[in-house]
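First to last, the sequence lines map onto chains A and B.
Here this note's numbering = 1-based position in the first sequence + 16.
Here this note's numbering = 1-based position in the second sequence + 844.
You can trust all of the hints, since none of them are fake.
In silico lysine to any residue, SDA-like type, Cα no more than 25 Å apart, as pairs:
#, chain 1, residue 1, chain 2, residue 2
1, B, K1289, B, E1346
2, B, K1399, A, V383
3, B, K1289, B, Y1106
4, B, K1399, A, R329
5, B, K1399, A, A464
6, B, K1289, B, G1345
7, B, K1399, A, V338
8, B, K1399, A, G394
9, B, K1392, A, V338
10, B, K1399, A, L390
11, B, K1392, B, L1026
12, B, K1392, A, A464
13, B, K1289, B, V1299
14, B, K1392, B, A1355
15, B, K1282, B, V1299
16, B, K1133, B, D1405
17, B, K1399, A, G327
18, B, K1392, A, G335
19, B, K1333, A, R460
20, B, K1333, B, E1346
21, B, K1399, A, L461
22, B, K1392, A, I334
23, B, K1392, B, R1364
24, B, K1333, A, R329
25, B, K1392, A, G330
26, B, K1399, A, G335
27, B, K1399, B, Q1326
28, B, K1399, B, A1069
29, B, K1399, B, N1042
30, B, K1133, B, G1395
31, B, K1133, B, A1276
Output of the computed footprint for chain A on chain B, the stretches with three or more beta carbons under 8 Å from beta carbons of chain A:
#, region
32, 924-930
33, 1025-1033
34, 1393-1401
Treat the hints as calculated values from the structure; they're not laboratory data.
From the three backbone atoms N, C-alpha and C, an ideal C-beta is built for every residue, glycine too.
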Amino acid sequence: MTSALDVDQDRTGHGRGVAAHPGVLGAIAGIVGGAAFGAAMADLGALPSVASIVRADSPSVGLAVHMTIAALVGAGFGLLMANQRQDASDTLFWGLSYGAAWWFLGPLTLLPFLTGRPPAWDLAAAQRAVPSLFGHLLFGVVTALALAVLRRTGDRPRVAWRPAVTMGELSRGALAGAFAALGIALLVPDNLSPAAALGGTGWGRTLAVGVLVGVGFAFLSPHPPERGGPALVRGSAYGFLWWVMGTLTLVPLLSGDGLAWSLEATRERFPAFPGLILLASTAGVWFSWLGRAATALFSDDVRRAEGEGPGTRGLRAIGRGVLAGLAGGLVFTVLMIQIGYLPTVARLVGAGSPSAGLVVHLLISLVIGVSYALLFRGRSFDSGSALGWGVTYGFLWWVLGALTLLPLLLGGQPQWNVTAVVATFPSLVGHLAFGGALGLTYRRLETASGPWWISRTDGEAAQAFERRQLALGSAPAVWALVVLMAVTVPLIIA
Amino acid sequence: MSVATGDPGRQRATRGEFAIAGAVAGFLAGAAVVVVLVRQGMVDTMAAGPGPDVVGVLVLLVGATVTGAACGWVTQPEALPAAVSGGLLFGLLGWICWWLTALPLVLGVSPTWSATQAGEVFPYLIGSILHGGATGVLLYLLVDRLPRKVPVPPPSEGVPPRVLVIGGGFAGVAVARRLERLSARGLRVDVTLVSESNYLLFTPMLAEVASSAIQATHIASPVRASCPLTRFRRGTVDAIDLERRVVQVSASHTGETDHLEYDQLVIALGSEPNYLGLAGVAEHSFSLKSLSDATRLRNHTLTLLDRAEGECDADERRRLLTFVVAGGGFAGVEMAAELFDFVHGVRRYYPVIGPDDPRFVLVHPRDRILPELSTELAAYAQRRLEARGIEFLLGRRVAGAGAGFVILDGQEVVGTETLVWTAGTQPNAALAALAVDKNRAGALKVDATLAVPGVAGLWAAGDCAEVPDLDRDGAPHPPTAQHALREGKALADNIAAVLRGEEPSPFRFRAIGTLVALGRRTAAAEIRGHRFSGLLAWLMWRAIYLGKLPGIEKKVRVLLDWGIEEAFPRDTVVTASAEVGPVEPSAVLS
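Throw the hints in and build the complete structure from the sequences for me.
And the structure:
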């Protein structure tokens, strides 16, 4: 695996890093991340609260304490990443997840404990700590990037900065982003367009935002490229990153408004959240598809062609997707009946009865099941990965379905606002349950009818290798991040 | 951190070990979270309201333990970061399952999953997330550090039982495919399949290949693609040594012999034409058992049309265009109908050949055709074909054949260049030397479990086996494709049962029905006692057999062939010569 900042790597994905202890490297990276977080805390006036850990209230003492903690937490990250793939893109998503996890552990749990207060686990306290959440995410991102750079410097520092991404990939990323941005802009009103998410308007800016997001995705895309489904999920985490670092951080900073990390500012800028999630995930899928299309059209080496072709495996996958979609749909049906949501679904076909709603719902489930099969076939190496892909895919369909397509098809506008998020929270839970059942059922069917990963000679070893590659990449981090974001963001801004 | 990270020197933990470690990790992490919650006085709320604190604590600890066990069972983490991520994921899902769903139900309140309800239990969301993360860390450390209770399996367990399947027809491939499925579910078995051809031929559509309606390779599925986990050997079975458990095989391409050892042997060699010792028939007839048979007949028919087109003598032209089919079973009737459609369908390109020049004769020794069908349907089939001009010589037999003629019983000589032989089959000749109980035709007698009595580890299925039908007092199952398929699956299940030390089950199958195609837009069918004929039966025939055709790719190709046939004429390209050498009638008659 290589990425934007990669240098020569062996086939297992491990580059030629320096021989320093991973904890030390992590501590240095943590100090870099802590500096960024510290600057933000200084801007927000939050350093005295950190100083209270040592019974002081001076910002400088707070900064010193903060940097010490950052070094320790960074060392933990370095140790955690010691056996992971060393490229920047994978490390970045781990950093995001790590930062998010430390928000729950640090300011909500340990900080109150160390200052003699009860844990701040209630919703009001979490809402007060929203700026800290974004600070932790910033810390995670910067620490991850610093660690990725540190692990590649030392023996060949100059080469370390040579981008491994090619011009072709950057062009593909730009094209993918442009396609995704145009698609979304055609679907939503101007005030929700990708340009508006980053503080602009008009088709030109929409295209520019799309290209920017797409090129960024190309930088963060692993080698060899992912299939459509994993790229879609990676894109959703990437979209969240854009919302935090773009909409809430860079755009207000550049416009001189300061960090928009407060609860009120977050609520105000929430409409950009679904848009950026959809933009980045769609760009991810386009990026993957364009790459495969380019290979199919321009590669004259049959060894690079897809195994049996899409016809054989694709058709089998569709059959399994139908069944898995129905299984997921049945799980969701229980929730829909409980909350009385079926009549709303029935309105899609101009009806109003629960039975009509049930039929429509199951048909939609079937279609989503088929799409899951085509996007994620052959990507579930065990039940854990099946659950990860399924649940994250379910979240995406909450954004695309409940918040976007359903209101559009019912004659309204996409409901990318806090009120709608609160109203559709039960639907979010249903989509997560749907995705989980979908992923697990699909994996079960795939395993039972065709253990595709087992070759004649070294079947179990091949399966173990693929599972390990998945664990060493950033997929588990992306799953955790997406589900964390899916559940906590709506509740905190509600 | 060597085990869970996949150190090849140490054995990976089993799924059960992951679950146990997860339960312990979940309990320990849960205890830490519970301590925090108790200190905050939040255990009343979560313990179903009015209950005492101790109940709440117990409920929480049980929930934490179950969540941890599920996390270990499902995620089986390979690395510490993945373990933490998996734990976080399960913490979140556990919060949804317990706090948003199960707890309201326990309290007698309908769950609404609303943001308001979720906000009320938000503290437990944070607790669940932290619990999940801590569980992931502990799970990984426990699996990594604790001693293995399950020892590394001894080398003898590393060699799976060897199952050798000889024959790549419906039964043989069904056995291999079923064993692959069972292998995916944990059965340790090493399967090898030996077949003369490298494909599974879908024989019900063979007549359509001979009549140029379907491309030859479209009804054949490559065994290597159909059975990707099975070792495949292309070759001919020369000898079977039941005592030493060795099968001698000659490679198809080199002729080199090899000896394959087995623990379980499945004989599914199918059948081959039986010419009943009739003079000249084997040499001067076309059988219909393989792709090459069908393509040879197709090329031969087209060559005859070319010859007839250039023939000035009307009698000779009629002789050239006389097609004799021996046998009035499914294969014979379908072949006669298809030949009729083929010849008349392309006749427009041969302007010299008149509509009355081609002659089609079906010879059958009994008084009615299609004995597998009811009398009424058989009569219907005969009427429809006779109406088109196909002659039926019932109660007659082919007595011999030579180049340019067929001799019927009673010494009648029919001038023809084409005799299609479907009047008899016999089990594969390789079984002749096998010292086991056989029926009169030479098929292996097996018991209801498809095992050959008296020989441990020997099984048989398909056309080469006589399988007793327990629902018909032990009368043999008919040698049809649908029976062979089911027998193959049942046989694989029984092998798996034996390998697991269980009792094999008797094979039971009631035929779904029978269908016979009668050429263009016509067929006859009996499905579960219901009779169908004409266009409806023809559509049923196509739908059912298309569904039975192995492989999606082949289904699509045949469907396209059928679609193309509706829009364009059949292909008349001759791909190879298929002439039969000259023999004088006197040589045969003498």
